[in-house]
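Trainee: The sequence shown lines up with residues 5 to 126 when you count with the working numbering.
Hints should not be assumed to be uniformly reliable.
Heads up, simulated DSS-like pairs for lysine-lysine below, C-alpha to C-alpha not over 27 Å straight-line [what the hints assert, rightly or not]:
no.	residue 1	residue 2
1	K84	K96
2	K96	K70
3	K70	K84
4	K96	K41
5	K41	K70
These are calculated hints, taken from the structure and not from any lab test.
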Amino acid sequence: MDEIRLPHQHGEGEGTALLQEELDRIDYFQTVAEVFKQLDDTTRIRIFWLLCHCEECVLNISAMMKMSSPAVSHHLRPLKNSGLVVSRREGKEVYYRAADTEQCRLLHQMIERVMEITCPKR
């Protein structure tokens, strides 16, 4: 890797080179952007948050969200495609829940922490 000469030297030295090395890994940042893109919609965040707490079928999610089943399915699709939500079939019924991954746990904690910080206390 070519060493980058910064216009202003502030004494960072080795730290700057390490930061530049990470910045050059664009695919890592693309992965993060894709995850956050799935949560750029209030409805998707609400569905994801719900599924972090329980496993539900589309009909129950629809009732809880006060939305039509097709609308819920529309939001579940990208969540599932991104790996944030998983499903299982039991007979004719499909059940959805948040994936059991470190990424999902972190996103869930982040959502709850932001809600705790920004939501008025009851």
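Trainee: None of the hints should be skipped; say for each whether it holds.
Mentor: Verification of the supplied hints:
1. Restraint check: the Cα-Cα separation between K84 and K96 comes to about 19 Å, which is no more than 27 Å; the hinted pair holds.
2. Restraint check: the Cα-Cα separation between K96 and K70 comes to about 23 Å, which is no more than 27 Å; the hinted pair holds.
3. Pair hint K70 plus K84 holds up; C-alpha atoms about 21 Å apart against a cutoff of 27 Å.
4. For the hint linking K96 to K41, the alpha-carbon distance of about 31 Å lies beyond 27 Å, and the restraint is violated.
5. Simply put, K41 and K70 have alpha-carbon atoms about 23 Å apart, close enough for the 27 Å limit, and the pair holds.
Going through the hint list in order, the structure does not satisfy hint 4, though it satisfies all others.
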